Amino acid sequence: MKHAVQVDKRTYQVEYEKTAGGLRVWVDGRSYQADASALSGGFFSILVNNRSYDAFVSREKDSFAVVVAGKTMDVDFYDPRSRQPSDESKRSAGVSRQTICAPMAGRIVRFQVMSGDLVQDGQGLIVLEAMKMENELKSQGIGLVREILVAENDVVVPGQHLMVIE
Amino acid sequence: MKHAVQVDKRTYQVEYEKTAGGLRVWVDGRSYQADASALSGGFFSILVNNRSYDAFVSREKDSFAVVVAGKTMDVDFYDPRSRQPSDESKRSAGVSRQTICAPMAGRIVRFQVMSGDLVQDGQGLIVLEAMKMENELKSQGIGLVREILVAENDVVVPGQHLMVIE
Amino acid sequence: MFNKILIANRGEIAIRVMRTCREMGIATVAVFSEADRKSLHVRYADEAYCIGPAPAIESYLDGDAILEVGRRSGVQAIHPGYGFLSENRNFAGKCRQAGLVFIGPSPEVIEQMGNKTVARKTMLANGVPVIPGTTEALEDLEAVRRVCAEIGLPVMLKAAAGGGGKGMRIVTNENDLQDAFSAVRRESYASFADSHILVERYFPDARHIEVQILADEHGNVIHLFERECSIQRRYQKVIEECPSVFVDDDLRDKLTTAAVQAATVVGYTGAGTVEFLVDEAKNFYFLEMNTRIQVEHPVTELVTGIDLVREQLLAAAGKQLSVAQSDVHRNGCAMECRIYAEDPGNDYMPAPGQIRKAVFPQGPGVRVDSGVYEGWDVSLHYDPMIAKISVWARSREEARRRMLRALDECIVFGVKTNLDLHRAILIDETFISGKFDTRFLDRHLAPHPAPDILADLAIIASVCSTLSSSPAREERVATEETGLWRMASKYQFWATRF
Amino acid sequence: MFNKILIANRGEIAIRVMRTCREMGIATVAVFSEADRKSLHVRYADEAYCIGPAPAIESYLDGDAILEVGRRSGVQAIHPGYGFLSENRNFAGKCRQAGLVFIGPSPEVIEQMGNKTVARKTMLANGVPVIPGTTEALEDLEAVRRVCAEIGLPVMLKAAAGGGGKGMRIVTNENDLQDAFSAVRRESYASFADSHILVERYFPDARHIEVQILADEHGNVIHLFERECSIQRRYQKVIEECPSVFVDDDLRDKLTTAAVQAATVVGYTGAGTVEFLVDEAKNFYFLEMNTRIQVEHPVTELVTGIDLVREQLLAAAGKQLSVAQSDVHRNGCAMECRIYAEDPGNDYMPAPGQIRKAVFPQGPGVRVDSGVYEGWDVSLHYDPMIAKISVWARSREEARRRMLRALDECIVFGVKTNLDLHRAILIDETFISGKFDTRFLDRHLAPHPAPDILADLAIIASVCSTLSSSPAREERVATEETGLWRMASKYQFWATRF
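Residue numbers (the working numbering), protein chains in the order written: chain A, 221 to 386; chain B, 221 to 386; chain C, 397 to 894; chain D, 397 to 894.
The hints are all genuine.
One-sided and incomplete, this derived list gives chain C residues near chain D with beta-carbon spacing under 7 Å:
(1) R415
(2) E419
(3) E697
(4) Q758
(5) G759
(6) P760
(7) V764
(8) D765
(9) R790
(10) R801
Think of the hints as simulated: they come from the structure by calculation, not from any bench. Treat the numbers as computed from the prediction; the structure is a model and nothing was measured. Note that the Cβ used here is the ideal one computed from N, Cα and C, for glycine as well.
Please put together the full structure from these sequences, using the hints given.
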């Protein structure tokens, strides 16, 4: 059976079959002989055409996170019936709304924007002091500052919502 | 509550209580302040009167195997009702019967005793070749060779019974 | 020699000190904050005592709590490591009052050298060139403004009590002065409980080169050559080398002579480092003296074979150094990479989390100093250093390639790290040529695009995992852009063979 | 230089060779038996090919299968490591026929030096003293009996093709001759597919001292000083040192001169080791030449700073050695401990099993060469080596204490190890004095009784585990008398301070 597989937003046609030596895999027609050996905790030693790789694989249904050669990749197997990535919620269209969260515990030193400001992609929003360093949290898109959820000198915990941009 | 605890065949009187700083333990009246922190997989960091130790603990009911300071010790908590070590089968009186097992896979090179021989403690019984070396299996007590369960040149697997001595 | 000492620090440097103690038969006492109960320095020590809550100000900076443990545990001396109380004159003084040896110079010398303004004056008085700037610590913006007008922009604002890259700002534009002034004061107060500021001329093309000093109470003052520390991010060193490829014999002679003189005039004892800025024309300026062991001391140990902590202990115990200047030789080249749990792609933001897998490099010429272990949580509260990886080889180029090999063997999984940044630096042409300055990391490092085969590999790995008897972790975990470096080399290294 | 080579070996030595290859930009091809699919050398290599079932005779000793992989993968050379085919003249010859470089001396030299009888004759002809004994390999018992009568007991029976401690028996009593003869023949055949036997005078009080040689095709033959290898069990080295505390400058001069002469007369190329017996009066006898890299080469690398594998590769590629004799200096002292999965309490019986926890030492002066990882199974089929732990320090005593510190940091859990044996050796007065011979380990090492507090600690740990939020492993596992050495030091080290 052919599978449509999405890796980092590109789609590949994948076929595979078990062989005596392990597994034969075709990716967009490129043929690979693979032999995987499970180590522990999601780690694998994989020989692909006799080239040796370590890989880490974690899985949720048909959605995989794979680390190989120092890179993390998302691998999604389409459900053959719906022809859609199986993990739809994750892939819902880019929201225009941006919630700035605290990446670590720290103290809010000051705000670089005010409610109602228009912010540019990459613009500094909040200065957070953590581990004795001041860290600037930046916008990852364009938008208006809709809400500021904390105050200067507040101590915040990791993941805490700090600001909403729309 | 007092507990009778056996460690490597000696019995100790043990009491303990939780305290603010962790645990207070009395062993035969010797008092210890202990603070244990679980690491992973049965490993603990333990501070005993502020001295720092790593320990590995595995448990089956009231019977513990503890590795600390490079030594493995069996720790058995008596059942307070029966006043007997809880793991009785393990502690049954020393059998006079001795079964010689293969400690590793290998090939039987030759026998150094015959059926009916009287063997001394430490006497060589069987020469087993494994990993290219000849290894002598020795008696761990006095007895008569009752049964030889393999033949020369047999390939044996780890744990296979080779000889019975009574 | 001491029988028992307290190490008033945490992480890799606490363990580094304990290693030498074990080799010398000295018992060790660790102190730890509530957040550090499971930390390796607690497990490594002979004894360990909790000294307070997680924030450093309530634990590792609480000199009284530490001294109380020192008394209770019966130690004879306290080793402060680096950071925390290592350059705190008051703490050194309190140790003395408590009858404990502070393993470092006297409180008077810490005052004289640790305080940057006093150090500058001392150097000036002894003919050692210093950077143009204030000789007095300043507290108000107007004074800072005046100095800037005098020496001209760009300037560097620095915490007078600072160190470790904290409390520093470059000002190239007058409009930025006020913000920078406020930020440095805040950071300085948070880190050092002091908000005095220094203003110095900023040299954009300069190198940061420092000289290691050892001195004892018997008048012996020696140097252990220089360290090249120009590869920095946010004023914090990232890669250090010994020797510096930029330093010729003539400059080395001048730098080490100035450093020995600096240490001699103040009556220095123990290990210390004299930091210099060196400009393109090989003019050098005294920057500051660090009156403690440095993070990057392993490169000096690898090249000279001298255990700096051992010499610190000898000096603190009133003994002679075990080596004279004539015994100190340079042998080969060493490099150190500081591996942090941080995100170089996001302004080096610390990346705390649990270390799910940690495999460190081994083999010829590799030294690892680490304070972490698998399953341990990199805390929010302290510097997120995972390990220092150091290598030695006969030449700089062999050391560089050995470091690449060592980084490839390093697997850190569960937190983001700067391993990739180190790889990118080590294969950068400018780094290889040795012609870099302190702004090296401000420039753009050439990206190394992932080879096309990676997506195919990820697909194959996914398929394999579904067919394996031991399947993948059955729960998608938030993997980070890190780990499994062993395999990265196979592409990146070939790409840069020359 | 080669672009790609095959490493015809497994375990730590395969990885050791690959490390240097990576640093030199040479791609690596691993071969593995079916039992070794998960082994670290497979994961470390760039490419890996299965060559057969677990028994070495069907895989790592199958030269044809290995050469087939060599052809298929397009390598230019084959590094044999130690053991297996490393001293196999036929394999070296087949490589040549296949147009591949065998990284080692020529088949002719292997024949001349690898074959002990030819080597003896060559040495005798060149005035190098040899041990009294047969100059011909023997196959029948009667011939052996005659030689024994001639040179007198005790004698050593050795596999003529032997090495690595296999196929050796001391005979002190004529009645034991027949059994020893049969055993050596069997072991020799199993290991080397050859059942010829040598008989040599046995020197009970002698030391085993060897000299490291490097030679290239351009006529350069140099030595890298000696290694002290007298600490042996079952004729296998356990701890090695460089330099030997027993060797003075005069003896060193004689040994190294004889070794260089031995290598020169046969036209040796690559790395090799000339082994000598040295008696109490400092008379020395040529024992054999190992025409390959040795297990214990790291101590020489630590003291000289020279990467022996790199020099092997240079020599095999027809290049000059990177160093001349005048570049080779001794710097400090190094020691290596071989950590095995074995049971010293039961005649060093191999102890295979799964490594459930493996933490190796770090920090100053420590080098680890290991071929294992957590979760990996130590196989029944091969030497159960876990790691080589090597240390460097300025003096032997500092190295000894550093090694104790390193062993304390070493946690191996799941299999029995000889870590405790190493500790016992390192704190033994005779070892410390340096006045030991090859029978050192036959004598009784003083036992170090466990301190009384251990039982109390075990009870406390049990109680703690029941009250912990993360309880003990809830299934009693067969723990071994091993692991958690970090803590052992706290008693054993103090007990032996002096």
